[in-house]
Each structure stands twice: as structure tokens, then as C-alpha cells.
Amino acid sequence: MYCTLKGPYRKIWAKQGGTTKQIALVLDEFIKDVFFAQERRTNMSKSPIIQIQNLNKTFKSGENTVMALDNINISIERGEIFGIIGLSGAGKSTLVRCINLLEKPTSGRIIVDEQDMTKLSERELRKARQSMGMIFQGFNLLMQRTALENVCFPLELAGVPKSKAKIRAKELLEVVGLTDKENAYPVQLSGGQKQRVAIARALATNPKVLLCDEATSALDPTTTQSILALLKELNQKLGVTIVIITHEMKVIEQICHRVAIIAESRLVELGTIDEVFRNPKTTAAKKLLYPQGEHVEKFTGKGKFLRLVFDGSSTDRPIIANMVLKCGAPVNIAFADTKNIDDKIFGHMIIQLPDNPATVQRMLNYLDEEQITYGEEE
Amino acid sequence: MLSSDMIQLMWIGLLETLYMTVVSTFVAYIIGLPVGLLLYVTDKDGIKPHTAINQIVGGIVNILRSVPFIILLVAVIPITRAIVGTSIGSTATIVPLVIASAPFVARVVESSIKEVDRGVIEASLSMGASTLQVVYKVLVPEALPSLIFGAAIATTTILGYSAMSGFVGGGGLGTIAINYGYYRSQSDVMLVMVALLVLIVQIFQEIGTWISKKCDKRIK
Ligand SMILES: Nc1ncnc2c1ncn2[C@@H]1O[C@H](COP(=O)(O)OP(=O)(O)OP(=O)(O)O)[C@@H](O)[C@H]1O
Ligand SMILES: [Mg+2]
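Chains as they are written, first to last, in this note's numbering: chain A, 133 to 510; chain B, 11 to 230.
Simulated from the structure, these hints should not be mistaken for laboratory data. Please note that the accuracy of each hint is not assured.
Partial list, computed: chain A residues near chain B (C-beta under 7 Å) [unchecked claim]: (1) Asn232; (2) Leu233; (3) Pro286; (4) Leu402.
C-beta atoms are modelled at their ideal positions from N, C-alpha and C, and glycine is treated no differently.
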């Protein structure tokens, strides 16, 4: 049992030496946690935690005005991990910065936890910001403070007494796995460690929302994995809603429940990962999801081109191979871009069919049987 | 050889110079530090942009900075008299020294604060920091090494000014250099004065650099 105890439980357990009498304490903590988790889950059925309504943002620089956000509407549910993806300059950063009003919307409403952020006084806004954590691509740690002092920082801002703040900060550093680095200065930490400190810092005030602006973009793939795993764990354990901004598909695939695609200041698609990745409707989305794709016109040859769409239902059957075997004719795979998400295959593939109409018909029948979505390519 | 009276005089001059320099620098920082912070904060890219305040304060700073010290020294004599009661001696010299160096200090402070990473300021705002909290919990501590380095520069500049004030009876090493080294052509006195001034500048600069490095946690 000992080894399955986590963080605070283990501490209590160890401190009490595991006496029978004190097992109750551990159980108590455990029950409390379960209870809170339950409560959070019931909260999820309540109104969305973040509502972005008719959001517009224009920047004026001298003569020019840049429209950074054009009529954005998004609702983010309690407890979800919501991804926002788009190419560089699409307006993603501006969008998250509007959520905590680091950027003042030109028009529209931002409602966070039933509070209209745009209507708050400065004092109320500061209070509201304390219930939202934010992490950044560049970590943005205070360079003259140790890891522990960095985590204490938001607590100091909120007026928590120093000694209390320190205890809480230590807990958080334990959560992010950096207990041994509490006295290290940022310059002595690796990128991944810095981001862990930043995450601990963002969580210090027990925020309901964690905003992440390209939080993993400065990290190598392995470190990215570990940070994403940490975020996922925090989402599940603490029920904190996470908004992730990224230009990397992988990040979205791995941890997001829903995704919004922003292209040229507009929201072009929004839906579950399955919906959006299976069947991107807009060209902007396709371009983002399949950057190498869409060059069909280059293919030459007599046979028809067919685009197959994999929606995650055909994992365990080798579709193409079976089709070739069954119909007794080879096909030419002109292009393929598929992704494995949650062990399901998503993506699309372009194949060139043989010249023989009868064979083609057999192949189409086979695809129908297998319920593969397909369409003819020009 | 220098007479023992001369050495006695130089010793007093040295103490006077140190007294003027240290007190003036201190007072200049009491004024210049908040003004420098104000200039940064109210800048159009600052955390609380305020064009009017920024331009008025910035304007005053620029005007004071553009008056050559030797002219300012004479020009502010009425003010000095009003405050100290006399315009002669090292205490009186502190007044023009402060008036001349506070705007300089303000700019030095402003430029140190500008080195603070925008991202860090942004992050603290995102955590709900007020403008004042950003100033004293982020800007000053994060810029501290640079502020200390700047203070060393300010101190040595003020030391130079204090020597100049010797021309109008400001006291200290400057006065001795002018009275003995220049008017009485005692080149040995002049030489010792120059050597002493160079030495003090070196010491202040070295100490400043050392403390600045010592407190900078960005150095591994
Ligand atoms: N402070 C500003 N002043 C003027 N224009 C701005 C400002 N901030 C952003 N913009 C403009 O708004 C648009 C969106 O910028 P934003 O930073 O939100 O893009 P992004 O999607 O986050 O890009 P990236 O992936 O490169 O971070 C860009 O055209 C940018 O030039
Ligand atoms: Mg960005």
C-alpha cells in the first residue's frame, strides 16, 4: 500500500510511522480528495468556465491597424483541456492574453467563471487573475529568486503569510517533481525544470484555469512529453481547466479534449479532436493538419485518384493490403498522412486506382463494405 | 616634499570629498530612483502608460541634464544659500551636486529597469500583481545587479562633479587642487590630487562591480 500512496498521503503515512491509529488520517485525506474530485466533476455540468463572445481585437500601430482577432466565439467547459492551434501570427497569443485581459479586447465579452472580465475594476481584475494561472514559452521566472521563492511569488502577491506560502510552495514543487531543486536559481535549471517551476508557480493560488502559451515550444521532444504528461495529470487530479496554445499538432493530439483552429484571426473550426482531425472542413485547417498534403495536382497517370479518410475506426485491419489482395490488382499510394491518436488511425491517404473500371468498382465496393470514407480526387 | 600641514590639509580634503560624494549620491538616489521608476512605468510601453506625466518629468530631467554642471553650480547659488545658508564649503556643494545628479541617476535607473525581461513583468501581471507590486517585487529586485552597477557609475560621476565644484570654493580635493596646484602652481600637490581622485574612482567602481556580480543570481 505504501508505494501507491501519493504526495501528501505518503507524508502523513511516513510521519505517523504507519501506526494503525493514524491510518485513519491517511484515509481521511484520501476521502477528502475523492470528495473534492467528485465536487469538481459535478461542477463540470455547470456553465462553461470560459466564454469568449464576439471577441474582436485590433492593434493600432501608427497609421496601420492590425486585426488580430475577428469575432471569436468559444466556450470552454469546466475541467477540459482545450487546445488552440494555428500558424504563426494567427492570433493565438492575443487570444489567450485576452482571456486574462493582459490584452484588452477591442470589443466582445470574456466571461470567466461567470464573471465578465471586461467589466471588472482593476482590483477585481487582479483578484480574478489570481484564480487563473499562466505559463509561457519563455518560462518567465524571476531570475533573482530561487525555485521556491518563485513559487512563493504569487502567494506573496495574494497576501499569504511567508511561512504559509513556503509550505504550500514546497508541496507544489513536490507535485512537479522538483523537491531537490527548491534552492536552485533559474539559471541553474534546465528548460524542462524551469517550466516545471513555472507550472508550480501558476498553480500556487489554486487557480481554476491554467493558460499555456506555447508552453512546450522551447523544449525538446522528450521534455515536451513529460511536461504534457504533468499537465494531463494535474488536469485529472486537480480538475483544473487547461487552455493550451500551440502550433504543434502533437501537443493537441496528446492531451486535448477539444480543439479550436485559428487562421488569419478567425476561428475556422472547433470540435473534439476526433471530429476536427478526422474531417477538417476548411482549407486552413487542412493546411495546418497536413502541411505536406494537398498537392494532388502533381500526380500524373491514367488511373483515378481516390482520397481515403481514416476516422479512427479501422485500426486493426490492413485496409489497403486486403483490398489489393481481394481485388487482385495493385494500387499506387500517391500520398499518405496518417496519425495515431489514442491507438486509432486518423488522417488521409491518396491512392491511384488501376485503369480497369471493373476492378475500380470492386475496390469501391470493398471500401463501402469496410465503411471507409472516400472521395474522388481531381 | 609635502609638508605635514599639506598632508593634513589633503586628508581633510579627502574626507570632505568622500562626504560630499556619498551624501550627494545618497540623496540623488532618494530622488532619482523613484523618478527613474516613474519614467519607466509611465512610458508608452510601460506597465501604466501616462503620456502627460512621462513627458513632463522626462522634460525636466532632460533640461537639467543639458545644463553643464559648472553653469548649474553657479546658477543654483541662490537656492543653495536658501537651503544651507552659505554657498561655500562641502555641505553647500551637496545642493548643486544633487540637483545635477538626480536627473542623471533617474536615467541610469530607467535604463537598468529597461533590462528587465518583459515576459517576467507580463507573468507577474498575469498573477494579479498591482503596479506597485510589480515595481518593488519585480522591477527593482530583478534589476538590482544592474542598479548597483549604475550606482557605481553615478558615484564616480558625482565625484568628478564634486572636484569641479572646487572652482567656486566647494571644498574637498577639488578646492585643494585649484588653490595649490593651479593658482600657486604646486605641481606636486596637483599630482597627488589627481592620483587620489583616480584611486577613489577605481575603488568605487571596483566595489560596485564586485557587489553587482555578487548579488546577480544569473551568474552560475
Ligand atoms: N502589441 C501588438 N501590437 C501590434 N500588433 C500586434 C501586437 N501583438 C500582436 N500583434 C499582431 O497580431 C497578430 C497576431 O499575433 P499573435 O502574437 O497573437 O500571433 P500567434 O498566433 O500567437 O503567433 P505565434 O505562433 O508566432 O506566437 C500578428 O499579426 C501580430 O503582428
Ligand atoms: Mg504566440
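Structure-based check of all given hints:
no.: 1; hint: Asn232; verdict: holds (6 Å)
no.: 2; hint: Leu233; verdict: violated (9 Å)
no.: 3; hint: Pro286; verdict: holds (4 Å)
no.: 4; hint: Leu402; verdict: violated (25 Å)
When the structure is compared with the earlier hints, violations turn up for hints 2, 4 and for no others.
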